[in-house]
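Undergrad: Here is what each chain is made of, one letter per residue.
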Amino acid sequence: MDEFRFIDLETHDAYMNMAIDEAIMLAMKEGKAPPTLRIYRWNPSAVSIGTFQSMSDEIDVEFCREKGVDYIRRITGGGAVFHDYEGEVTYSIIIPKEHRLAVSDIQESYRLLCGGIVNALKHLGIVSEFKPINDVNVGGKKVSGNAMTRKHSCILQHGTTLLDLDASLMFTILKVQQEKISDKMISDVMERVTSIREVLDRDVQISELAESIMLGFSDALDIDLISGILSEEEQESASKLAQEKYATDRWNFAR
Amino acid sequence: MLSSSYKIPGGKLIKVKLWVDSEKIERITILGDFFLHPEETIQAIENALIGTELNVTSIESTISKVMSESDAKLIGATPEDFVTTIMIAWESQ
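Heads up: the protein sequence lines correspond to chains A and B, in order. So in the numbering used here, spot 103 of the first sequence is number 103, and the numbers just go up one at a time. So in the numbering used here, spot 20 of the second sequence is number 1020, and the numbers just go up one at a time.
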């Protein structure tokens, strides 16, 4: 069975979380990092936007500043995601491009890697399905969004799985003008999006979801997860990227 | 500046910000929640579009040329969707 380094549930700010992903890719490109799965939370809570989105178009930046919510541009495409510290768990999986799990067809690649989340939900007793392009749904409602990039001779996929959902807060952050946040819109979101606590109708803990994600990926991808940490070099490179790239307006407001 | 949004039926959202000078693209930003690999292709497309005449044929051929040169893959949208969004912005004036 293939071995993956497993970096268990950690909490970082947005800049460090996105910097760690890129630092692992850069190390992997040099042959200095093994295939890796990491699981993490965001503190402060943060909103991430897709690499082709405009920060000022998508996000109420002023509101985020007032509330201490971080905002960051990802290196992956896709849409805006609210990473509520109490309400979601994020994973990243980084695989060298010659690995058997790095399939060339992008849609098939999403299907394969999202299998980790489908399996994680199965561990929690939830039946879900991969919904192309990049979602995992339960009963037709989205519970997980995922995004992939291919660079530095690797594939990176990261994704969020919702434990809980605060629709009105999400709308405020995602720049929907206050007067437009009608009950109708909130109920529309509740029609399209769900969370693990809603589905199971019990107070599932972050740690339980994190463990399920670990087991889900291990089963779905038939990989052996070996507990590990970042190398000193990855750590240094991540700190540098956090400071010099991800925390800068130059990057976050680039579009 | 002209702008437009185009929600692909059942799919992603594309937004365009367009600056025009004598019926040619002076500057353009293509935004949205689609996926494009490699991601840098978006800047290459935006740069190549500068000076392009605002008609479907010219825009389509410019985008196709860059896509093929960059061996790029667009997921959740098509080059035609980009053209549609640009033309909606142009026709909004």
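Among these hints, one or two may not hold up.
To be verified - Derived DSSO-like pairs (lysine-lysine); straight-line CA-CA distance at most 30 Å:
#1 B:LYS1073 with A:LYS131
#2 B:LYS1073 with A:LYS245
#3 A:LYS122 with B:LYS1065
#4 A:LYS141 with B:LYS1073
#5 A:LYS141 with B:LYS1065
#6 A:LYS142 with A:LYS67
#7 B:LYS1073 with A:LYS142
#8 A:LYS131 with B:LYS1007
#9 B:LYS1065 with A:LYS97
#10 A:LYS151 with B:LYS1024
#11 A:LYS184 with B:LYS1007
#12 B:LYS1017 with A:LYS245
#13 B:LYS1065 with A:LYS151
#14 A:LYS175 with A:LYS67
#15 B:LYS1065 with A:LYS175
#16 A:LYS141 with A:LYS175
#17 B:LYS1073 with A:LYS32
#18 A:LYS151 with B:LYS1017
#19 A:LYS240 with A:LYS151
#20 A:LYS175 with B:LYS1017
In case anyone wonders, no lab produced these hints; they're calculated from the structure.
Undergrad: Decide, hint by hint, whether the structure agrees.
TA: Now for the hints, and whether the structure bears them out:
The suggested pairing of LYS1073 (chain B) with LYS131 (chain A) holds, with an alpha-carbon distance near 20 Å, which does not exceed 30 Å. For the hint pairing LYS1073 (chain B) with LYS245 (chain A), the CA-to-CA distance comes to about 26 Å; that is within 30 Å, so the pair holds. Between LYS122 (chain A) and LYS1065 (chain B) the alpha-carbon distance is near 45 Å, which puts this suggested pair outside the 30 Å criterion. Restraint check for LYS141 (chain A) and LYS1073 (chain B): the C-alpha separation of about 27 Å stays at or below 30 Å, so the hint holds.
Proximity of LYS141 (chain A) to LYS1065 (chain B) is assessed by CA-CA distance (about 38 Å); at most 30 Å being required, the pair is judged violated. Our distance criterion of 30 Å between C-alpha atoms is met by LYS142 (chain A) and LYS67 (chain A), whose separation comes to about 26 Å. Taking the CA atoms of LYS1073 (chain B) and LYS142 (chain A), the gap is about 25 Å. The hint holds against a cut of 30 Å. For the suggested pair LYS131 (chain A) and LYS1007 (chain B), the alpha carbons sit about 18 Å apart, so the restraint of at most 30 Å is met.
Between LYS1065 (chain B) and LYS97 (chain A) the alpha-carbon distance is near 26 Å, which keeps this suggested pair within the 30 Å criterion. This hinted pair does not check out: LYS151 (chain A) and LYS1024 (chain B) have alpha carbons roughly 33 Å apart, beyond 30 Å. Between LYS184 (chain A) and LYS1007 (chain B), the direct Cα distance comes to roughly 20 Å. Compliance with the 30 Å bound is thereby established for this hinted pair. Proximity of LYS1017 (chain B) to LYS245 (chain A) is assessed by CA-CA distance (about 25 Å); at most 30 Å being required, the pair is judged to hold.
This hinted pair checks out: LYS1065 (chain B) and LYS151 (chain A) have alpha carbons roughly 22 Å apart, not beyond 30 Å. Only pairs whose Cα atoms come within 30 Å are accepted, and LYS175 (chain A) paired with LYS67 (chain A) is accepted, the gap being roughly 14 Å. For the hint pairing LYS1065 (chain B) with LYS175 (chain A), the CA-to-CA distance comes to about 35 Å; that exceeds 30 Å, so the pair is violated. Pair hint LYS141 (chain A) plus LYS175 (chain A) holds up; C-alpha atoms about 22 Å apart against a cutoff of 30 Å.
Taking the CA atoms of LYS1073 (chain B) and LYS32 (chain A), the gap is near 28 Å; set against the 30 Å cutoff, the hint holds. For the hint pairing LYS151 (chain A) with LYS1017 (chain B), the CA-to-CA distance comes to about 27 Å; that is within 30 Å, so the pair holds. The straight-line distance between the Cα atoms of LYS240 (chain A) and LYS151 (chain A) is roughly 19 Å, inside the 30 Å bound, and the hint therefore holds. With a CA separation close to 18 Å, the supplied pair LYS175 (chain A) and LYS1017 (chain B) stays within the 30 Å bound.
Violated hints, in rising order: 3, 5, 10 and 15; the structure is consistent with all others.
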